[in-house]
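Residue numbers (my numbering), protein chains in the order written: chain V, 1 to 63; chain D, 1 to 417.
No lab work stands behind these hints: they were computed from the structure.
Treat each hint with caution, since some may be false.
Said to hold, decoys possible - Here are the simulated BS3-like cross-link-like pairs (lysine-lysine), alpha carbons at most 25 angstroms apart as the crow flies: (1) D:K59 x D:K322; (2) D:K322 x D:K56; (3) V:K56 x D:K322; (4) D:K59 x V:K56; (5) V:K56 x D:K56.
Stated by the list, open to error - One side only, chain V facing chain D, incomplete, derived with CB under 8 angstroms: (6) D8; (7) E11; (8) G12; (9) N13; (10) P55; (11) Q57.
As the structure is a prediction and not an experimental result, all values here were calculated from the model.
Glycine included, C-beta positions come from ideal geometry on N, C-alpha and C.
Each chain is listed here by its residues.
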Amino acid sequence: MRVVVDYDLCEGNAVCEAISGEIFQVDEDDQVRLLLPEPGPEWQTAVEEAVRRCPKQALSVED
Amino acid sequence: MARTAELADITRHDTFAAGVPHDTFRWLRRNEPVSWWEEDDGSGFWAVTRYDDLLKVSKDHATFTSSRGIRLEEMAPDELEARRTLMEMDPPQHTELRRMVNRLFTRGAVQDYEETIRDLTVGILDRVLPSREFDFVEEVARELPMRMLGRLMGVPDADGDWLVRMGDQMIGNTDPEFTEHVVDQTDTEEYRLLPFRSPAAVELFDYANELARERRRNLGDDLISRMLSPTREGRPLSDLEFKNFFVLMVAAGNDTTRYSIVHSLQALIDHPEAMNELREDLSLLPTAVEEFLRWASTTMHFRRTVTMDAQLGGRQMSAGDKVLIWYISANYDEDQFPDPYTFDITRDPNDHVTFGRNSPHLCIGAWLARLEMRVVFEELLPRIEQIEPAGPVERLRSNFINGVKHMPVRVRLARHV
Numbered sequence: 001m002r003v004v005v006d007y008d009l010c011e012g013n014a015v016c017e018a019i020s021g022e023i024f025q026v027d028e029d030d031q032v033r034l035l036l037p038e039p040g041p042e043w044q045t046a047v048e049e050a051v052r053r054c055p056k057q058a059l060s061v062e063d
Numbered sequence: 001m002a003r004t005a006e007l008a009d010i011t012r013h014d015t016f017a018a019g020v021p022h023d024t025f026r027w028l029r030r031n032e033p034v035s036w037w038e039e040d041d042g043s044g045f046w047a048v049t050r051y052d053d054l055l056k057v058s059k060d061h062a063t064f065t066s067s068r069g070i071r072l073e074e075m076a077p078d079e080l081e082a083r084r085t086l087m088e089m090d091p092p093q094h095t096e097l098r099r100m101v102n103r104l105f106t107r108g109a110v111q112d113y114e115e116t117i118r119d120l121t122v123g124i125l126d127r128v129l130p131s132r133e134f135d136f137v138e139e140v141a142r143e144l145p146m147r148m149l150g151r152l153m154g155v156p157d158a159d160g161d162w163l164v165r166m167g168d169q170m171i172g173n174t175d176p177e178f179t180e181h182v183v184d185q186t187d188t189e190e191y192r193l194l195p196f197r198s199p200a201a202v203e204l205f206d207y208a209n210e211l212a213r214e215r216r217r218n219l220g221d222d223l224i225s226r227m228l229s230p231t232r233e234g235r236p237l238s239d240l241e242f243k244n245f246f247v248l249m250v251a252a253g254n255d256t257t258r259y260s261i262v263h264s265l266q267a268l269i270d271h272p273e274a275m276n277e278l279r280e281d282l283s284l285l286p287t288a289v290e291e292f293l294r295w296a297s298t299t300m301h302f303r304r305t306v307t308m309d310a311q312l313g314g315r316q317m318s319a320g321d322k323v324l325i326w327y328i329s330a331n332y333d334e335d336q337f338p339d340p341y342t343f344d345i346t347r348d349p350n351d352h353v354t355f356g357r358n359s360p361h362l363c364i365g366a367w368l369a370r371l372e373m374r375v376v377f378e379e380l381l382p383r384i385e386q387i388e389p390a391g392p393v394e395r396l397r398s399n400f401i402n403g404v405k406h407m408p409v410r411v412r413l414a415r416h417v
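Work the whole structure out from these sequences, hints included.
This is how it looks when you write it as structure tokens:
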């Protein structure tokens, strides 16, 4: 699973970081950085929740 | 389905002047989550009242476009063009404009305004609290967002009051206290090509022209300068685009935060145990603010227009249909929020839709509004021992904005301050 960020949309609301700080980190410039760009299946629930709850719909997942 | 309940007429502004018809929305969510409403002018709209359905509409800008308008009012094509802002755009056009200013409103950027906001708040409270009895809307809630808007735009503080009165005339264009040109009661044909069909826009356009002329000589990093600089695609805004953008910021930048602050205080007056908890532990405020926002749902709906035949909530929609997504209803959806009519300052998670969750149009001022709300109560609560109504509240005549025009209160000051 590969996490994809649309940087035209991301405005650093950090909802994803609150869900999983292991995968997502919002930097000083208010853009998310992926600490684990290709998280294993054990992260699936967290990633799905982040994708669903991102207020700007900036996250998606590719298989 | 036959509507068996006594439903309030959500097409009418007067309905909301008396109060939000929560019973009607609750009935609709349960029995007819997507419902058709006819308007006096012969048109009509779909009312989307459930949380999940609202998110579907919010996300899917290809099927539910903003480009035909975001308010109920139907605009002729020339009106729509003349008045278009980024709110009446879909991606990618919307993205291009939003990117010009969004860096000033991110969570990180907004943190830098905290000191300014606190100074402004303390000044406002120190001036008004000694009088013990005052209109909380006029004297407190209206003042802070207005002054902060002035700072963001880099205009003199003295202009703030005028800007906000103009903003109120536009957003309050359905209420006779705010404008002589009530849009559904008087002939506003003369102003049809102006934002909100409002004569206030003429004056704001002049102000914007003057501001642009002066600021172009000395571009900085403020909101106005950014609007005057080319987009990332290298395109400068036209004069009209700039003026509409400016008017949007004036209109959107003050009354919604004002009313959210007012609803927050009302909720705390109605729930004294919550007020006491917060007073004793101000660190509960960030979580409480999210509940204030859910409870207030200050922007009650936005409109989208269906671009192709679509199904939602078991109803068949046709291209061209108007759709209203009712945030005020989704924020009380029992399937999303346990005990939605319980005011719970510790509610978490609290994925309210007050700022337009999951939409490209997510409120650009969301972090600023949150911060202003937190700081107001951080400074207000320790200064007062008690606050109570000193007269009836007066609501805005609007089914669009959940507004309170006047809220007389009486305070007893805390001794230690």
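How the hints compare with the structure:
1. Annotation: proposed proximity of D:K59 to D:K322 holds, straight-line Cα distance about 16 angstroms (limit 25 angstroms).
2. The suggested pairing of D:K322 with D:K56 holds, with an alpha-carbon distance near 15 angstroms, which does not exceed 25 angstroms.
3. For a cut-off of 25 angstroms, the pair hint linking V:K56 to D:K322 stands: about 23 angstroms separates their Cα positions.
4. A C-alpha spacing of about 9 angstroms is found between D:K59 and V:K56, which places the hinted pair at or below 25 angstroms, so the restraint holds.
5. With a C-alpha separation of about 13 angstroms, the suggested pair V:K56 and D:K56 falls inside the 25 angstroms cut-off, and the hint holds.
6. With a cut of 8 angstroms, the hint placing V:D8 at the interface with chain D holds, because the nearest CB-to-CB distance is about 5 angstroms.
7. Hint status for V:E11 relative to chain D: holds, with the closest Cβ pair at about 5 angstroms, below 8 angstroms.
8. Contact between V:G12 and chain D, as hinted, is supported at the beta carbon level, the nearest pair being about 5 angstroms apart and thus within 8 angstroms.
9. The beta carbon of V:N13 is positioned within 8 angstroms of a beta carbon in chain D (closest approach about 7 angstroms), and the interface hint is therefore held.
10. Hint status for V:P55: holds, given a least beta-carbon distance of 5 angstroms to chain D, under 8 angstroms.
11. Checking V:Q57 against chain D: minimum C-beta separation of about 5 angstroms stays under 8 angstroms; hint holds.
The structure is consistent with each of the numbered hints, conforming to all of them.
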